[in-house]
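**Q** What follows is each chain in one-letter form.
2 protein chains.
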Amino acid sequence: MDIKDYLEQKRIEVDRFLDAVAPRADTPPTTLHESMRYSLMAGGKRVRPILAIAAAESVCAATPPGIMAVACSLELIHTYSLIHDDLPSMDNDDFRRGKPTNHKVYGEAMAILAGDALLTMAFDWCSRPDLMKGCEPQRQVRLIQELAYGSGNVGMVGGQVFDIQAENKDIDLPTLQNIHKHKTGMLIRAAVRMGAIAAGATDRQLDDLTGYAEDIGLAFQIADDVLNVTGTREELGKNPNTDAERGKKTYPAFYGVEGARKLADDCVTRAIARLASFGPSADPLRKLAWYITARKN
Amino acid sequence: MDIKDYLEQKRIEVDRFLDAVAPRADTPPTTLHESMRYSLMAGGKRVRPILAIAAAESVCAATPPGIMAVACSLELIHTYSLIHDDLPSMDNDDFRRGKPTNHKVYGEAMAILAGDALLTMAFDWCSRPDLMKGCEPQRQVRLIQELAYGSGNVGMVGGQVFDIQAENKDIDLPTLQNIHKHKTGMLIRAAVRMGAIAAGATDRQLDDLTGYAEDIGLAFQIADDVLNVTGTREELGKNPNTDAERGKKTYPAFYGVEGARKLADDCVTRAIARLASFGPSADPLRKLAWYITARKN
Chain B
1 MDIKDYLEQK
11 RIEVDRFLDA
21 VAPRADTPPT
31 TLHESMRYSL
41 MAGGKRVRPI
51 LAIAAAESVC
61 AATPPGIMAV
71 ACSLELIHTY
81 SLIHDDLPSM
91 DNDDFRRGKP
101 TNHKVYGEAM
111 AILAGDALLT
121 MAFDWCSRPD
131 LMKGCEPQRQ
141 VRLIQELAYG
151 SGNVGMVGGQ
161 VFDIQAENKD
171 IDLPTLQNIH
181 KHKTGMLIRA
191 AVRMGAIAAG
201 ATDRQLDDLT
211 GYAEDIGLAF
221 QIADDVLNVT
231 GTREELGKNP
241 NTDAERGKKT
251 YPAFYGVEGA
261 RKLADDCVTR
271 AIARLASFGP
281 SADPLRKLAW
291 YITARKN
Chain E
1 MDIKDYLEQK
11 RIEVDRFLDA
21 VAPRADTPPT
31 TLHESMRYSL
41 MAGGKRVRPI
51 LAIAAAESVC
61 AATPPGIMAV
71 ACSLELIHTY
81 SLIHDDLPSM
91 DNDDFRRGKP
101 TNHKVYGEAM
111 AILAGDALLT
121 MAFDWCSRPD
131 LMKGCEPQRQ
141 VRLIQELAYG
151 SGNVGMVGGQ
161 VFDIQAENKD
171 IDLPTLQNIH
181 KHKTGMLIRA
191 AVRMGAIAAG
201 ATDRQLDDLT
211 GYAEDIGLAF
221 QIADDVLNVT
231 GTREELGKNP
241 NTDAERGKKT
251 YPAFYGVEGA
261 RKLADDCVTR
271 AIARLASFGP
281 SADPLRKLAW
291 YITARKN
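Chains B and E are the protein sequences, given in the same order. Numbering-wise, the first sequence is residues 1 to 297 according to the UniProt record's numbering. Numbering-wise, the second sequence is residues 1 to 297 according to the UniProt record's numbering.
Please note that a few of the clues may not be correct.
[To be verified] For lysine-lysine, the following DSSO-like pairs were computed, each having C-alpha atoms within a straight-line distance of at most 30 Å:
id, chain 1, residue 1, chain 2, residue 2
1, B, K104, B, K248
2, E, K262, E, K45
3, B, K104, E, K169
4, B, K248, B, K169
5, B, K169, E, K169
6, B, K10, B, K133
7, B, K104, E, K104
8, E, K4, E, K262
9, B, K10, B, K262
10, B, K181, B, K248
11, E, K169, E, K181
12, B, K169, B, K133
13, E, K104, B, K248
14, E, K133, E, K248
15, B, K133, E, K133
16, B, K10, B, K181
17, B, K104, E, K248
18, E, K104, E, K262
[As the list claims (entries may be wrong)] Cβ-to-Cβ under 8 Å is the rule here; a few derived chain E residues that face chain B:
id, residue
19, T31
20, M90
21, D116
22, S127
23, L131
24, G152
For the record, the hints were derived by calculation from the structure and aren't laboratory data. The beta carbon of each residue, even a glycine, is placed where N, CA and C say it ideally should be.
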């Protein structure tokens, strides 16, 4: 299998689901729905939903009931976090994925509310009878618990707080690692675990996949830091080197660009080793791990 | 039973649960948890949790498993909505419940994140195995669905959007009603329905209680509008008459203060009529309906 084809095919499926299930911009409140869709359909790579789908496939060949809703709920969370992070009182970014940020188009109030609505909708989708048909209720509750835990105060939101508190401070490496473990790592961990749980993973499988997720989460963040230094405006869809300008400490700042790349590669190697007990069904996860660090740099 | 004693007793129970289960301010991220607690423990009347508890009691004498987590998740949603509503880009309020608003104390970024974390925590609590022990998973999923539906894009958040869009516009009565139906009504509806569902209500009981909730939701909003005109700074915990200053249309603007009071009373009478098939177990709900419109005016 070719990972680019795989990613492209899954991305299309995810986009199709999001477009079909997200509230239409011609139903009220229309501006809210338009604003939600503006960011949701802005052409993300859909890494988190694809990780969830690939994790499910690694566990079970049959498509688990509700997997698309579960996978896409992660993209709703990711999208809301980008909208809120871009706000003037947070990172104050004007561009995202090559387009003006949500608040630049719809104003701050609507951007805050669009984020709130996307966040809430993630839990709506995971609990909707039509979208989750056939999924055991006990499993469904567990999926919702994973999503809440990974995205909340001790997960992604917590990471955002650690990040804000570290700005313009001379932080050490453990502090940087703690930021990323939460800010990016916990939702990626949730994505892989949710896919696995939806597919009925054994405890052992879930442990292995959790280890995999933690390693690629770190690799993903390091690669992102490197890209922020080395990428062009076209590649990034926003201005490069914004981290350094804001006085944010990054992996390249600690290890240099080459050192950071090496570190990301080590994480990927470790991640793949975690999948030793899985057969070819885990090939997408293996290739995804490499793809994540190789993207655009 | 005396409704004031009842409310006081339930309020204490809710406060105790919130205080015990909300993350401690000495666990990281400490500032986030402090900020969440600042607004959560600011002395609200806990109307939504109490409605959920009273609705459960009206259906079943035994305490349903998980009812406190379910009830308090509604207060988490309510509190997050207040924090976000008070932000400079939204209502720009400096005081809430007699204290400086969250962003005044912790800054805008932290206030946005505290809101996000409280919202997420509502779904965490409703899906946590320890807090929901003994609740059937199928019922749990249904409760989560009610919470998401009532607080999201076609619920409370949608209402906030309708409200923003109506500011400084000469809106008609149906538009005003649509704002309130969503902004306050949908979460109150969710509160009553969630209490009823947790207690195993029949379809008929759930229908009756839903009607009750819709009527008191409207009464509640009218009373709030009246209070905004007639209340003092001490009673309100914030400056009075802010609605008129902002050019917000309210029920007193359409009906006058006395006309609005009469309308609220009619709603309460209708709400109580919905409970005709319930025995004395629904007395707290009946008295609550009157109490809601009588508060401080």
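**Q** Are the hints correct? Go through all of them and say.
**A** Outcome of the hint check:
| no. | hint | in the structure |
| --- | --- | --- |
| 1 | B:K104 with B:K248 | holds, 23 Å |
| 2 | E:K262 with E:K45 | holds, 24 Å |
| 3 | B:K104 with E:K169 | holds, 23 Å |
| 4 | B:K248 with B:K169 | holds, 8 Å |
| 5 | B:K169 with E:K169 | violated, 46 Å |
| 6 | B:K10 with B:K133 | holds, 21 Å |
| 7 | B:K104 with E:K104 | holds, 24 Å |
| 8 | E:K4 with E:K262 | holds, 23 Å |
| 9 | B:K10 with B:K262 | holds, 29 Å |
| 10 | B:K181 with B:K248 | holds, 16 Å |
| 11 | E:K169 with E:K181 | holds, 18 Å |
| 12 | B:K169 with B:K133 | violated, 49 Å |
| 13 | E:K104 with B:K248 | holds, 25 Å |
| 14 | E:K133 with E:K248 | violated, 45 Å |
| 15 | B:K133 with E:K133 | holds, 24 Å |
| 16 | B:K10 with B:K181 | holds, 26 Å |
| 17 | B:K104 with E:K248 | holds, 25 Å |
| 18 | E:K104 with E:K262 | violated, 37 Å |
| 19 | T31 | holds, 7 Å |
| 20 | M90 | holds, 5 Å |
| 21 | D116 | holds, 5 Å |
| 22 | S127 | holds, 4 Å |
| 23 | L131 | violated, 10 Å |
| 24 | G152 | holds, 4 Å |
Checked against the numbered hints given earlier, the structure breaks hints 5, 12, 14, 18, 23 and satisfies all the rest.
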